[in-house]
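Make a model of the complete structure from these sequences and hints.
There are 4 protein chains.
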Amino acid sequence: MIRKIEPNTRDRALPDYHLDKPREECGVVAVSGSPASAELAYLAMYALQHRGQESAGLVTVDEDGREKTYKGMGLVVDIFDDKILKEMYGTLAIGHVRYSTAGGSSLRNAQPLVVDYQDQPLALAHNGNLSNAVELRNRLSSEGAIFQTDSDSEAIVHLIARSRREDQDHKIDDALSQVVGAFSVVLCVGNTVYAARDPRGFRPLVLGRLGDAVIVTSETCALDIIGATYIRDVRPGEVLKIQDGSIEELRPLPPAEPSACLFELVYFARPDSQVWGCSVDGARRAFGRQLAHEHPADADCVLAVPDSSNSAALGFSEVSGLPFELALIRNHYVGRTFIHPTQAGRDFRVRVKYNPVRELVEGQRVVVVDDSLVRGTTSRGLVTLLRDTGAKEVHFRVASPPVRFPCYYGIDMPTREELIGSNHSVEEIRDHLEVDSLGYLSMEGMRGSVSDFGPFCDACWTGDYAAPLVDIERQKATEDS
Amino acid sequence: MIRKIEPNTRDRALPDYHLDKPREECGVVAVSGSPASAELAYLAMYALQHRGQESAGLVTVDEDGREKTYKGMGLVVDIFDDKILKEMYGTLAIGHVRYSTAGGSSLRNAQPLVVDYQDQPLALAHNGNLSNAVELRNRLSSEGAIFQTDSDSEAIVHLIARSRREDQDHKIDDALSQVVGAFSVVLCVGNTVYAARDPRGFRPLVLGRLGDAVIVTSETCALDIIGATYIRDVRPGEVLKIQDGSIEELRPLPPAEPSACLFELVYFARPDSQVWGCSVDGARRAFGRQLAHEHPADADCVLAVPDSSNSAALGFSEVSGLPFELALIRNHYVGRTFIHPTQAGRDFRVRVKYNPVRELVEGQRVVVVDDSLVRGTTSRGLVTLLRDTGAKEVHFRVASPPVRFPCYYGIDMPTREELIGSNHSVEEIRDHLEVDSLGYLSMEGMRGSVSDFGPFCDACWTGDYAAPLVDIERQKATEDS
Amino acid sequence: MIRKIEPNTRDRALPDYHLDKPREECGVVAVSGSPASAELAYLAMYALQHRGQESAGLVTVDEDGREKTYKGMGLVVDIFDDKILKEMYGTLAIGHVRYSTAGGSSLRNAQPLVVDYQDQPLALAHNGNLSNAVELRNRLSSEGAIFQTDSDSEAIVHLIARSRREDQDHKIDDALSQVVGAFSVVLCVGNTVYAARDPRGFRPLVLGRLGDAVIVTSETCALDIIGATYIRDVRPGEVLKIQDGSIEELRPLPPAEPSACLFELVYFARPDSQVWGCSVDGARRAFGRQLAHEHPADADCVLAVPDSSNSAALGFSEVSGLPFELALIRNHYVGRTFIHPTQAGRDFRVRVKYNPVRELVEGQRVVVVDDSLVRGTTSRGLVTLLRDTGAKEVHFRVASPPVRFPCYYGIDMPTREELIGSNHSVEEIRDHLEVDSLGYLSMEGMRGSVSDFGPFCDACWTGDYAAPLVDIERQKATEDS
Amino acid sequence: MIRKIEPNTRDRALPDYHLDKPREECGVVAVSGSPASAELAYLAMYALQHRGQESAGLVTVDEDGREKTYKGMGLVVDIFDDKILKEMYGTLAIGHVRYSTAGGSSLRNAQPLVVDYQDQPLALAHNGNLSNAVELRNRLSSEGAIFQTDSDSEAIVHLIARSRREDQDHKIDDALSQVVGAFSVVLCVGNTVYAARDPRGFRPLVLGRLGDAVIVTSETCALDIIGATYIRDVRPGEVLKIQDGSIEELRPLPPAEPSACLFELVYFARPDSQVWGCSVDGARRAFGRQLAHEHPADADCVLAVPDSSNSAALGFSEVSGLPFELALIRNHYVGRTFIHPTQAGRDFRVRVKYNPVRELVEGQRVVVVDDSLVRGTTSRGLVTLLRDTGAKEVHFRVASPPVRFPCYYGIDMPTREELIGSNHSVEEIRDHLEVDSLGYLSMEGMRGSVSDFGPFCDACWTGDYAAPLVDIERQKATEDS
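Chains as they are written, first to last, in my numbering: chain W, -3 to 477; chain S, -3 to 477; chain P, -3 to 477; chain G, -3 to 477.
Among the hints, erroneous ones may be present.
Identical chains share a label here; the pair holds if one copy fits it or two copies do between them.
To be verified - Below, a list of computed lysine to any residue pairs in the SDA-like style, where the Cα atoms sit at most 25 Å apart:
(1) K388 x G273
(2) K167 x S137
(3) K388 x E430
(4) K388 x C274
(5) K472 x D60
(6) K79 x L103
(7) K167 x R247
Don't read these hints as lab results, they were simulated from the structure.
The structure is reproduced here in structure tokens:
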């Protein structure tokens, strides 16, 4: 309801990094116990850039409890520079990269949230979405809390500050026990870091070590970039307290049925990460292999839609015996403000991202493997592009089932009306895409491919929401009455 | 204790607008009931620029309660542009220009403070300094309040939000009753504007009207620029509620002995303003006339140190019969970051600001009239400059008594150690300035010149502090024990 | 005909520093023989800021002939900072502040012009306007010269580079002998500085010394700020060669009748400067005294329109015996982009610049002294403002004759159609301004006041153009045929 | 010798887009005859971004000959925005992306070069390097030409302007006949476009059509992005004149033995482009296949160093029968100023670019295929990374011969001292890289793979320079004497 005009922030459309893909909301990192904490957090944020490209922020706290904060809109590499990192000394750092699933898109909402709490800095970075955020905000407001952001994460900070529990650890526990939904959160109070995952463990959070330093972050690729060793995942419901290189397990949050997001494996996480104890690349190859079993194609070659479906396409190639081709070249020089020309009288949306290698497409019967299909707009453009380049047949294969339901746990999905899988049969979609054949991976095939892991949240395909949708239910109740 | 690194805020020294003068902390304005509220507030802020050149901010609220905020570091004309003002629609606007007497110098501390308070925007702009800010902050923190700025003004917002009083008006009253010290404040909750002055009325606040619109602002010059009519001063302890063009007087705050800042007349306020019901130019001329009576000089002409002592010099000229000369030319092209050359091996601090007209100085016995003397550094440089230009004698006259004590009510004074008047006799100062004679206006002379007005706070000359120095006393108690 | 869009240069209106005044085009400075040359030139440019506020540029050359250039749009203090100045080492510096009388307004046209000329840097800064620039440009183009700017000054550089004379000094002489019109120019070739004035000497240029360093600049105030000693004016037609602290007089340009711009004394130059060997403040006071003789007024006081007419008003006060009042307070916080509100439904053009001190105006019969009257728009607004503030009578006095003709020698005047003095009688102007009386200084009165100096160019009042208007004549010839 | 400090250009290291690869200097585009010329050129520049990421510039000319220019440092998408493109109307556009092989790195040297030439705009964009640039510059300087940039391309502009030939076409011919070396150039004089390739045709230049518009650009991928049809290559020595949609072949330049750069196929050009009439992807696969024949490896899989060696690795996989794996994940979020951490005490240079997929590397014997090896620094880091990830054996294969000589025709190679292939045997390099085996593609193998195309310049491998190295020879002569 409230919009801020930020100084020095030019209005701009979000960069078109993902074409017609859902958006992850965030990546987080906490570094404790390293004199180079800011640099390590910077590198980790850079490695997590795929989890949020709208804004990034970094907070450091030095041994005397002095905090420094720097946030900006855009990419990590564009926001930070040498001079800034040099000023951010301290052995503790909290970093965050963000998309705006909840709360408007502005510097004001960029995380980490930082407040002055009893003469100490409190900084918090949150990945996930609370499903009782509105309820909490209303309650806190009526008790005199004032809000500085639109973000659901701010409620957690108020709950900590207002807890009547005496001890700091108990205050954290008290606060986290009151929030419902998805939260993988790292925060610090003065020199102490806390890291926690909600009891269902919707979003990933991993624990690593680099010498004496402890690192908590969203994906293992952020450990790899700094050469840290992966220790283990932070467990669902777990609350860790990290100080001076030691990791203490506090009392866990009340247990619930684990429910790890399966879409992380399908599309979000980097293929070089381990998520849910599982190789992301490995999972995607398994999806691709299973897809080839379920929906074989009589064709000449298999194309990936780079880069997110490379692994699945390799899996499909392996089982089908069709050669794998890198026939779509992706342009990576996509900066802050790509302009979609208007006068030129054409839709360049697909062309500015992908260009086919003519020799590999012309006269060929191609299988295109994509990881998922959301609105279908890009896929349709891609098919047109391939036909224009001379493809004889186009067979489309999707390495996951049709997405049919929105996500309330931290993924920015289109509405049900926009989800092509929600309102159309596979045959209708095939018709819309104008492809010769279309096949989706089955729900059973997907589950079976990763049966050693889980249990998973598959709400976006099935509508089975694991955590209570407090705000949604209340809103419906209000609308009904 | 906590410092923020702000994005896009280059480090820079404060512009050297005033040489060796105390700094006013703020100017405020609220406009209610005009479709051009943002533009009117912008012009008022521009007219109040002399009251704060470090940052400026503007908040508008439209009839549906939607708020827009824009803040920046620097001058009003450099921060705002057409595009920004056009986006800031709404019939209500709150504006603020600022120096940082309390709270660090950064965009984070720029006012108006804006929070989301029970689904309504609450914006507050404050001129003055609370003398129990630390006490309040400690209490509020222990009750779970989290602070986003270093500013003492944030305490007022928390007090409003946390008040248990039922009605909005009473909450404001409740909050303002708890703060001690100097506050001339304008704030809005949704579409309602409140304006209040502390019971002693340290800082000015005036009420005006432009058609149906009501304007509350620091000085009358801000009414003049928009062509508004001055109605009256907001009275010490008064709380006004302004809505839809109507002005309601709420219950006043508990009464105290009025104590208007006399330094506003000596130096801060613009000469074309009415402050304390008194013409600022008129007061300064009276000081200059009285000064000429108290400390006549056998000389050829009277020079003002432009522009702040022009009025006093004219008064001195009038009584002494010595011709008034504009013999010091001031360079006004002082932008954001004047560089003081280092290699060139000289002190250019005075020369970049003032250049004498040689013909008017050479071979002359000159009287230099300045409005006040704080550290004495600039004055000394000025005397050297005049001697270098050929002045035969330099007689220095100060149109106020020696400043000897710091201010806790909203003026940024040097420490006692730095105040030349605090540690040296007039003769010692004369010696230091290397002038042929030196005369300060007497305390009695100053009071007598404005005896129709007041009572005044003269703590910076006398050390008689009108409002309890809660935080200072407590700090002393702690240090002593 | 050609417009450049410059990177990082936001479109903006010119700052409204002068209300309805002609604009000087430039100020120049050359420093030779100081290790702090960049800093000294920076200070000089800052002192010359009144001569051009659109762009500024600085070039340094070190002892190995390495050149560094930095230019920007806006004020000197906003363009340069410590870091930039530190990088600009070298004992030679050429600086320039600019308005765009000839050539569009853009960074591309900012001076000094810098080119690579026979493996040496050649940098040139020019004050004045060439009256055969088009002719030269056409000739040079037809010979294969390519132009990078729209500026008339670029022709001089090409003429130097193309001269068939063998020796560097002769090439300079050759080039300057071919240009007609107004030029006070400083340039360097490698480590050698040349300074020259056109034979009529339209624009000022002075020579000074600071230790071993030689400084050539537009006004003495630029010598004062760095503590340099004024030696003498560069003479009309003189060409100086400056190297290693020595000043050599080269063969002068062919002689012509000197014709120093009288408007420099009326309005342009700073009152603390010596121009044409004459104190600017002194000249203006003489104009004001003479004006009081020619057009006395039965009134209560004399007001200056600050700051440019302060001196004249003091002169008027002296002769008339009417008290001098600083009754108009000028707002100096005019930055890069003052916004003239549109929705607020009024003209704030005068109010944002001046605010009257009510007590000094109300019920008074005031004499307003202005230095010159060009379009009359601001003066009219000012009169309205004074009447609104309660002035009983307004008597307007102008300390120079009616401006009736455009300038082709370096002043940006309105067209003849816009010049109110060109098309209207004094009585019509009085009527238009709605003043009780109006008086202009007579041509004879003006000349008589400065009869010890000159001869002067008074073309803007008389239409007697001293230097041939080559391009204008040719254009007329073309239009006629 | 001369360095410019540019306003608003922050110092920064070049982005680390390519790790240890030679740098192409430029990409060019000209669009003639489209009302959307700026947008089409923008898209083409975006598609050519891999050919130069340091600066980009765009010039448009409308039907009345009015020119607009916009240039900036950085990526195309960061420099241009909607507002800028909208202001750049006109049916003709010339665009350029640039690295600085000749001339310093600054906005001043950004192309297109634009000058005012006989009252018409002349704009020129050049890909390649002139080998007699110094000679030309010296001659032109001595004749009175003044240079505004350090770029060798400026000589061409002067030669055109100074040509004594009467007709415009002959002037172009005259100018291009005097330059030696590599030039693929597009330029306009007013509304006419000229496009030319040097007689040896070192750099690519292709001709395309989109409706009535004619497009000349560096690679076919720039035609693809706008949906234009590829017509043919501009031939070596050919000069085309393009106006109103018609293409006229002017007299060709004096013939020479064609000598197309083979490194374009090895590394520079995009795999989806046709260069020298040859599919770039196809050529690289052929190199990879031949490499597998020449240097087979007993291993488990083949890894590409993404993205430039993907095609070669697929070719290697095809012949060797080893599975192709995308086991190195490349981070593409590399913006303007990636910071290489210093305190963290490690070299992150390779890690910030690539992260291995552990499952695909651990315990495996891997073949790494890279397209070329220049300094070897990155390759060594990559090998270490693979070993750290658990690779059992690492076999390195390079799909081109050892680079041993610098390029003087438009590629930024390290010096001979830095070229690892210049000073070391293959065995020494194997040792340095610490790999189990190392194999380079043979010169014969490379030539044989593309025997249907050419003849090629292979100077960087063989030292056989096709065009006279005029400046280099003269420099040597001077040094010897």
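Practice problem: Provide an ascending list of the numbers of those earlier hints which the structure does not satisfy. | Solution: none
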